[in-house]
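Participant: Start from the sequences and build out the full structure, keeping to the hints where you can.
Just so you know, the protein sequences line up as chains A and B, in that order.
Using this note's numbering, you'd call the opening residue of the first sequence number 1 and step up by one each time.
Using this note's numbering, you'd call the opening residue of the second sequence number 154 and step up by one each time.
Read the hints as simulated data drawn from the structure, not as lab findings.
These figures come from a predicted structure and were not determined experimentally.
Think of the CB as a built atom: it goes at the ideal place given N, C-alpha and C, for glycine as much as any other residue.
Check each hint, because a few of them may be wrong.
Straight-line distance between alpha carbons at most 20 Å, and here's what the computed EDC-like set of lysine to aspartate or glutamate pairs gives [as the list claims (entries may be wrong)]:
no., chain 1, residue 1, chain 2, residue 2
1, B, Lys190, A, Asp38
2, B, Lys213, B, Asp326
3, A, Lys35, A, Asp15
4, B, Lys213, B, Asp229
5, B, Lys190, A, Glu26
6, A, Lys35, A, Glu73
7, B, Lys213, B, Asp239
8, B, Lys190, B, Asp326
9, B, Lys190, A, Asp15
Just some of the chain B residues that point at chain A, by a computed CB distance under 10 Å [said to hold, decoys possible]:
no., residue
10, Arg155
11, Pro156
12, Phe157
13, Ala158
14, Gly182
15, Asp187
16, Ile255
17, Arg378
18, Ser389
19, Ser405
In case you want the letters, here they are:
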Amino acid sequence: MTLEVNGAQRRFTADVRTTLLDALRERLNLTGAKKGCDHGQCGACTVHIDGRRALACLTLAVAAQGRRITTIEGLSPPVGPLHPMQAAFIDADAFQCGYCTPGQIMSAVSCVEEGGAASREEIAEYMSGNLCRCGAYPHIVEAVEAAAARTPS
Amino acid sequence: MRPFAYRRADDAAEAVRAGAAGGAFLAGGTTLVDLMKLEVARPPRLIDINPLARDHAAIKAGPEGLQLGALARMADVAADPAVRRDYPVIAQSLDLAASGQIRNMASLGGNVLQASRCPYFRDISWGACNKRVPGSGCSALAGVNRGHAVLGVSQACISAYPGDFAQALIALDATVTVAGLAGPRRLPFEDLHRPVSDGPHLETRLRPGELILGFAIPPGPWTRRSLYLKVRDRQSFEFARAAAAVAVDLDSAGVVREVRIAIGGLAYRPWRARGAEAVLRGRLLDEAAARAAATAAFAGAVTHGGNDFAPELGRRAVARALMSARGLEV
Numbered sequence: 001m002t003l004e005v006n007g008a009q010r011r012f013t014a015d016v017r018t019t020l021l022d023a024l025r026e027r028l029n030l031t032g033a034k035k036g037c038d039h040g041q042c043g044a045c046t047v048h049i050d051g052r053r054a055l056a057c058l059t060l061a062v063a064a065q066g067r068r069i070t071t072i073e074g075l076s077p078p079v080g081p082l083h084p085m086q087a088a089f090i091d092a093d094a095f096q097c098g099y100c101t102p103g104q105i106m107s108a109v110s111c112v113e114e115g116g117a118a119s120r121e122e123i124a125e126y127m128s129g130n131l132c133r134c135g136a137y138p139h140i141v142e143a144v145e146a147a148a149a150r151t152p153s
Numbered sequence: 154m155r156p157f158a159y160r161r162a163d164d165a166a167e168a169v170r171a172g173a174a175g176g177a178f179l180a181g182g183t184t185l186v187d188l189m190k191l192e193v194a195r196p197p198r199l200i201d202i203n204p205l206a207r208d209h210a211a212i213k214a215g216p217e218g219l220q221l222g223a224l225a226r227m228a229d230v231a232a233d234p235a236v237r238r239d240y241p242v243i244a245q246s247l248d249l250a251a252s253g254q255i256r257n258m259a260s261l262g263g264n265v266l267q268a269s270r271c272p273y274f275r276d277i278s279w280g281a282c283n284k285r286v287p288g289s290g291c292s293a294l295a296g297v298n299r300g301h302a303v304l305g306v307s308q309a310c311i312s313a314y315p316g317d318f319a320q321a322l323i324a325l326d327a328t329v330t331v332a333g334l335a336g337p338r339r340l341p342f343e344d345l346h347r348p349v350s351d352g353p354h355l356e357t358r359l360r361p362g363e364l365i366l367g368f369a370i371p372p373g374p375w376t377r378r379s380l381y382l383k384v385r386d387r388q389s390f391e392f393a394r395a396a397a398a399v400a401v402d403l404d405s406a407g408v409v410r411e412v413r414i415a416i417g418g419l420a421y422r423p424w425r426a427r428g429a430e431a432v433l434r435g436r437l438l439d440e441a442a443a444r445a446a447a448t449a450a451f452a453g454a455v456t457h458g459g460n461d462f463a464p465e466l467g468r469r470a471v472a473r474a475l476m477s478a479r480g481l482e483v
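Facilitator: In structure tokens:
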């Protein structure tokens, strides 16, 4: 299979059953996207496919060929400033254990792009596909709100 | 997950030919891949129909009504300005479903075919499930059945149809276009899902290889005064515990000229409440009328202990939806 991940063409061999999440983590050494429930219920595996947030655990890698995949590792350059959403999560202390954070951030970037960050209530609704077992929700909402305020609409 | 063969289909004819040989169509994958991981679904072959989005993902609103391609994604239809303005019940049924990620992935065609969320269906360690293993029985009858259906059920199966969009479609008299080996055909959306008496394992009237291409919603003076009310156990990213899709055409005195009511979360299949509609036609839409219609909607309800509360929850949802629709500015 060949996947376009974070701007690079990555070629690897995998069983046709391999999900995009397993391909990223096990074949391409991109462990930012996390495996939580593996059934589309927690959002820890959220990545962007063709610029839209999607669940890597319910996407078959074979079917993602030819599409543009962005993971948390590709959100900001390896050297240089963080993406404003990453910075906002640090500033707002928007995590505790951090396991759900890459998925939260990928989802939060889309939440703002989709125009779903006009109020705290709207952010909560647009971010409902990302669970946080530590319960860091108030700070997550704060981070999204702050990053949205700095993003030109 | 069981092994399967994978291929992409570039057009509907190729997809239908491949599908007729046995297998499952892959669009967004949000139901299918999940069920394959659970080994509830074990297709020998997956036919990836995403390339068909080129021809079958359009959203067209006009004087002849609304046409939606089967490969349109939930999020795109929900965000469409014409859908939001002229068919709010459709936009809301999609907006209130699933999560942002899933709405980006899931296609409309797949959405209406989403599988039961019954825990005994989804867990293969339960031997008895007529939907999964025909003739094996129903574990939910005497099991944990708080989330199970009360309308259109039988001793063979009490699982609830979980979708929201289908309720908007059935309320608005939608038709569905399918492609098959013998060419395309159209059927009323109401006829797509089979009643439980056909056997719980037979969910739709789609023939082998048949593929949903799109939906057509006829225009009507009731589509603007429409809404989807969804009652859930948690506020978001949750299936309906009870839901009502309503569309109403009122005269200047507030008398019902025409009304459409569908019920979600509480019925075996997408559920049109024609008895409730008959109660309202020609009557002033007030609280008493809304309540009378809601009562009629659940006249045939059958409960199984855990869901004894459900008919009253459903009645209140229908009545509230009707009163909210009355108050809409159109």
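Participant: Could you work out which of the previously given hints the structure breaks and list their numbers from low to high?
Facilitator: 8, 17 and 19
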